[in-house]
Amino acid sequence: TAGITQAPTSQILAAGRSMTLRCTQDMRHNAMYWYRQDLGLGLRLIHYSNTAGTTGKGEVPDGYSVSRANTDDFPLTLASAVPSQTSVYFCASSDSVESSYNEQFFGPGTRLTVL
Amino acid sequence: AQSVTQLDSHVSVSEGTPVLLRCNYSSSYSPSLFWYVQHPNKGLQLLLKYTSAATLVKGINGFEAEFKKSETSFHLTKPSAHMSDAAEYFCVVSENDYKLSFGAGTTVTVRA
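Protein sequences, first through last, are from chains A and D.
Note that the working numbering has the first sequence beginning at 1, numbered continuously upward.
Note that the working numbering has the second sequence beginning at 116, numbered continuously upward.
It is possible that part of the hints are untrue.
Computed cross-link-like contacts, DSS-like style, restricted to lysine-lysine with a CA-CA straight-line distance of at most 27 Å [said to hold, decoys possible]:
(1) A:Lys57 x D:Lys184
(2) D:Lys183 x D:Lys164
(3) D:Lys157 x D:Lys214
(4) D:Lys184 x D:Lys173
(5) D:Lys173 x D:Lys214
(6) D:Lys157 x A:Lys57
(7) D:Lys183 x D:Lys173
(8) D:Lys173 x A:Lys57
(9) D:Lys183 x D:Lys157
Quick caveat, the hints were computed from the structure, so don't treat them as lab data.
Note that the structure is a prediction, hence the values are computed from the model and not measured.
Pulled out of the complex, with its shape left as it was, chain A reads as follows:
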């Protein structure tokens, strides 16, 4: 079982360009999440999705959009990248949204540099 896969592994992007980070899970989890990881700040939630067809804003949503057309995929789009979006991006999923007990499973991350 692959768990969660993310693509690309890393990317260098010119400021002003758009980019979509891909995330796919094979665990049939209802909930999915996007985080960014910055030194000294831990992980911060960008967007989340309770189930296919629904999305919500996290702690730092500005400049990012997501969609959830099906259970398995949860792409993150940067419409016009800025240098402050240089970060490592992690996708995660969990089984149920109804309980705080549920472990979130993380992908390997995408390292994005915006120049």
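Since the structure of chain A is provided, determine the placement of chain D on it from the hints.
Same frame as chain A, but now just chain D:
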């Protein structure tokens, strides 16, 4: 509102000696608490979680943590560090839904 403070940004230990990573949390509810580990250039892996059952929680790789409500703490310990324990560790709190709040992380270095 929920939040987490990891009291040490960096911990250095000798191989075979105990490891202590300190975490304090703030929560309006009875929280769930987690410790995750991140090895270099890898994703996050769950070490252990507290979900209102036993206050002493045992996790993988010999780690354990004790939930102390009176001290609002959830410190992570391991009796004997191994070289493979060198990584970054995150304390995480979740209240009454699925949203996680992460601490800033503690980097563990293990000296031979």
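Given the proposed pairing of Lys157 (chain D) with Lys214 (chain D), does the C-alpha separation stay at or below 27 Å?
Within the cut-off at roughly 22 Å; holds.
Is the straight-line distance between the alpha-carbon of Lys184 (chain D) and that of Lys173 (chain D) 27 Å or less?
holds, 17 Å
With a cut-off of 27 Å on the C-alpha distance, tell me whether Lys173 (chain D) and Lys214 (chain D) pass.
Measuring from Cα to Cα gives roughly 23 Å; hence the hint holds.
So if I understand the rule, the pair passes when the alpha-carbon distance is 27 Å or less; does Lys183 (chain D) with Lys173 (chain D) pass?
At roughly 15 Å apart (the allowed maximum being 27 Å), Lys173 (chain D) and Lys183 (chain D) satisfy the hint.
Is Lys183 (chain D) close enough to Lys157 (chain D), meaning Cα to Cα at most 27 Å?
violated, 30 Å
Check the hint pairing Lys57 (chain A) with Lys184 (chain D) against an upper bound of 27 Å on the C-alpha distance.
violated, 31 Å
Decide if the proposed pair is consistent with the structure: Lys157 (chain D) and Lys57 (chain A), CA atoms, cutoff 27 Å inclusive.
Judged against 27 Å, a Cα distance of about 25 Å means the pair holds.
Could you grab the alpha-carbon distance between Lys173 (chain D) and Lys57 (chain A) and see if it respects the 27 Å cut-off?
Violated - the C-alpha atoms of Lys57 (chain A) and Lys173 (chain D) are around 34 Å apart, more than 27 Å.
So if I understand the rule, the pair passes when the alpha-carbon distance is 27 Å or less; does Lys183 (chain D) with Lys164 (chain D) pass?
holds, 14 Å
Checked against the numbered hints given earlier, the structure breaks hints 1, 8 and 9 and satisfies all the rest.
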